[in-house]
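A.B. asks: Could you build all of it, start to finish, from the sequences and the hints given here?
Heads up: the protein sequence lines correspond to chains A and B, in order. First residue of the first sequence: 1, per full-length UniProt numbering; consecutive thereafter. First residue of the second sequence: 1, per full-length UniProt numbering; consecutive thereafter.
Incorrect hints may appear among the rest.
[Stated by the list, open to error] Derived DSS-like pairs: lysine-lysine, alpha-carbon spacing no greater than 27 Å straight-line: (1) A:LYS22 - B:LYS375; (2) A:LYS39 - B:LYS375; (3) B:LYS379 - A:LYS22; (4) A:LYS375 - B:LYS59; (5) B:LYS338 - A:LYS263; (6) A:LYS39 - B:LYS379; (7) B:LYS468 - B:LYS489; (8) B:LYS263 - B:LYS39; (9) B:LYS172 - A:LYS172; (10) A:LYS22 - B:LYS338; (11) A:LYS338 - B:LYS263; (12) A:LYS379 - B:LYS435; (13) B:LYS338 - A:LYS39; (14) A:LYS366 - B:LYS14; (15) A:LYS338 - B:LYS14.
Calculated directly from the structure, the hints in this document are not laboratory data. Just so you know, these numbers come straight off a predicted model, no measurement behind them.
2 protein chains.
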Amino acid sequence: MMMDTQLTIASMIKRTEQYFPKKEVISRTQNGVQTFTYKDIISRMKRLGSALESLGVKKGDRVGTLAWNHHRHLEAYFAVPSMGAVLHTINFRLSKEHLIYIINHAENKVLLIDEDLFPLIESIKDELETVEAFVIMTDNNTLPESSLHQVYSYEELLKRADNSYEFTAEIKENDPAGICYTSGTTGKPKGVIYSHRGIYLHSMALSMKDTLALSESDIVLPVVPMFHVNAWGMPFAATWMGTTQVFPGPNMTPKIIAEMIEKYKVTFSAGVPTIWLGLLKELEEGTYNTSSLRGLLCGGSAAPKGMIHMFESKYGIPFLHGYGMTETTPLVSVTRFKSYQSELPDDERLEILSKQGLVVPGIEIKAVNENGEIKPNGKEMGELLIRGPWIADAYYKGDSNSESFQNGWLHTGDVVTIDEEGIIKIVDRTKDLIKSGGEWISSVDLENAIMAHESVFEACVISVPDPKWQERPVACIVLKGGPGHQVTKEDIIEFLRPQFAKWWLPDDVLFLDEIPKTSVGKFLKAKLREQVENQLAL
Amino acid sequence: MMMDTQLTIASMIKRTEQYFPKKEVISRTQNGVQTFTYKDIISRMKRLGSALESLGVKKGDRVGTLAWNHHRHLEAYFAVPSMGAVLHTINFRLSKEHLIYIINHAENKVLLIDEDLFPLIESIKDELETVEAFVIMTDNNTLPESSLHQVYSYEELLKRADNSYEFTAEIKENDPAGICYTSGTTGKPKGVIYSHRGIYLHSMALSMKDTLALSESDIVLPVVPMFHVNAWGMPFAATWMGTTQVFPGPNMTPKIIAEMIEKYKVTFSAGVPTIWLGLLKELEEGTYNTSSLRGLLCGGSAAPKGMIHMFESKYGIPFLHGYGMTETTPLVSVTRFKSYQSELPDDERLEILSKQGLVVPGIEIKAVNENGEIKPNGKEMGELLIRGPWIADAYYKGDSNSESFQNGWLHTGDVVTIDEEGIIKIVDRTKDLIKSGGEWISSVDLENAIMAHESVFEACVISVPDPKWQERPVACIVLKGGPGHQVTKEDIIEFLRPQFAKWWLPDDVLFLDEIPKTSVGKFLKAKLREQVENQLAL
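C.D. replies: Here's what the structure looks like:
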């Protein structure tokens, strides 16, 4: 039979160390941009492993990070699970209440914290029940003032660490490697535990030709935060393949992203639609060479068609649309043109690009509604169900499991159609679908259509209660700045009229300065609904 | 945690059935070329599963195939393991003695046999101890005459099979899926059991951008026989990805291969050096359009540099060199240029192409000699050791395990060097290395050098006993036919002189009509040595 080789994260960097020591990691921090070889980085990973041991971290302990996208965060990605502990990447944009909740819920023993984020932790320190050491990630020699006793310098710890330390922890592939919390718009965040095996298989999947095709020859720029489902798993796969990685660091702007793409000849990047809307604006206003890009992956929420069209046709930047969630490690599906679709006319191509793609090898999906499994005809709507080796089967400590995990399937709460080719289209969150006169209206379809209007920057469509129809759609719009963008409610309705059935057209159009978003850039529809109901009630 | 999804072969075709039903399998059999959709093929796979059940095949039973590369063989690849049985692909070129041995050793319950290979089985039928049914794979309506009672028509069985049969067997990923026997040049063949998990992970690896990058958009032609380590696993990966597959069928010739490449716009093919030497000759003599090819994978034994050079420079066909063995599913390493090697001059590029490449993600290697692990300097020689999730940890029924499997590593018996970039070069089989005056001479290096001579078709270098030096090299050469290829022993020695130390130069050069080979095209050095010793003794 075959060897019982365990699929672990430590085995991934062993390969990088042996075969790609000269390849580079480029990292922007508070103090500027630094370049490291993988030889440096892996040596630092080992010293971090040793340092964590010296801080008393044992197998299975949770080590939290509050950090931007940079090389030290990458070091933690591999050192923490490879020394046997569990990496908890913390979304530092959560409310203080939620931050306290998840740090205590995950029982973090050590926190690795960026210097500029340390004040945040200082402000909640009295509420943290389990943290025994605070390690500050900084290039500076002096640590920030603190009332805390157990504060360490990351670089000092590495300097003092055992140079000969190797990752020898006895790790089984089903051991926990990481934990992320969902940034749910309602209720308490829920923890998802990633296993070594799940991350390993997910990394293989990202590297397959028919998914993202991550390769040693790529230069990847993960814009999606490293606390957002492990930057969609890209740092794991990229490090394994020996790929050059460019980390954009703290408080990055569209300008910084555009400059890094040009300067480092980035081939592949990933982020949420808001990021790409910002980049597009930057490309429109400045002059950048983006010819190195072979793909921009967009996920988190649906990307507007107009934006995809601009990237593809005006800038020649191939756009990929993906789907996943915290519970799915996260890649479930990604844009994939089948060989017989390669000659499609532009509009059909754009139609496919605006959907969430084909399920990746290894994962299985179906969609169900009250009548059972839906037909793949691009019309029937149903809730998306997912299963596979990198899909969660429970929340940490059993929170709300019964709703999301049933009969071996993850119930996503996302409503989709699936077309004849198997391509998934997210229609809505189950709770955001608008039910008008007994029929469903997709807020996402309306949003995408509105965002194709040349004067619209962002659009969010929500349901408002209606005495006659039960619910009706209302569009909330942020216009592009500048002259020539005076748009009325009627303009928008007329713009939509040829595209939709009459009863889909929004009852009202509201112009806002901004749309409230979650900490990972998704529309906060519940909050918006509240605002709008107040406004309409006036 | 993550779902306990089992990595099985049945899950692979489920994806193909759902998303690639229209894609095609092109199959050449005795009766010509036929085209099937995956929808057809998978429906036939299910009916084969049902038919095997009706023949009494139960979970864990071994089902053997004696067949060329065609669609029915592909059907068996998936149907047999997916209904819970074990696929035994039998090398029908083995001696009758070995055929009888492995069919009995594997305790095959059913044999699926090509019509033209049936006489072979008829001739050994009295020696087969476990076979209960012989199923003839043919397009013809009448079966061949036979003295056997339990002879069935494959197509009849499929016709009568349950149309609604689904693969529902409860299969765990570590269950056996297949078995191959090594075609060892000495001793009895040894069985290697492939698990579902091993084949699944190996298929993922073949589809990774940095290995073979097998993709839905490819059109693959497996020339390597489907009994030769499952055609190197390509049919599994290709079917999973929804790749168009072209099967070359029985008694194929270089001409047939060249024609199929042109006609079906083949993008990727795989075979042993002998096949590619033949194809090259065919390309030299005929006129073919091979521009669709993005890669020819060569394995089984080392490919001569001259041939690689011709494919690359004259025909613009990218050449890949791989390494693996029956015990390794088989892919262990494959040619891979690192990004910083992309601008290498032709000769350095050719040097890399003539080596066996970089170890693929998931597999770990090292090489050891009497002083321990060798340094990766391209000079030190050591025996290659391998471990990973698709590497065997034992032979079936425990044959000769202690020699090959030690401390969690497979000991390959292949002597290699590993260079600074991690690239493996097979120097020799441990038993073929020539030890002259206490120093090692690589027969493979000499062979490759000789084969670069324009008049040489094949060369095989063996050791002969020497009273003074213990062993000395002797070169056995097959010349190209035709005028202008009159070459003497002295010509060859002079050709080698600038390339090697004096004591490496062969003591003698013998011109032969052919070099004896194993059934999978490897030089049978033991046999050649015997011939030569007889000849030299005259």
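A.B. asks: Each hint should be assessed against the structure and marked as holding or not.
C.D. replies: Each hint tested on the structure:
no.	hint	in the structure
1	A:LYS22 - B:LYS375	holds (18 Å)
2	A:LYS39 - B:LYS375	holds (17 Å)
3	B:LYS379 - A:LYS22	holds (21 Å)
4	A:LYS375 - B:LYS59	violated (33 Å)
5	B:LYS338 - A:LYS263	holds (21 Å)
6	A:LYS39 - B:LYS379	holds (23 Å)
7	B:LYS468 - B:LYS489	holds (22 Å)
8	B:LYS263 - B:LYS39	holds (23 Å)
9	B:LYS172 - A:LYS172	holds (18 Å)
10	A:LYS22 - B:LYS338	holds (11 Å)
11	A:LYS338 - B:LYS263	holds (21 Å)
12	A:LYS379 - B:LYS435	violated (73 Å)
13	B:LYS338 - A:LYS39	holds (16 Å)
14	A:LYS366 - B:LYS14	holds (12 Å)
15	A:LYS338 - B:LYS14	holds (17 Å)
This entry does not satisfy hints 4 and 12, going by the numbered hints stated previously.
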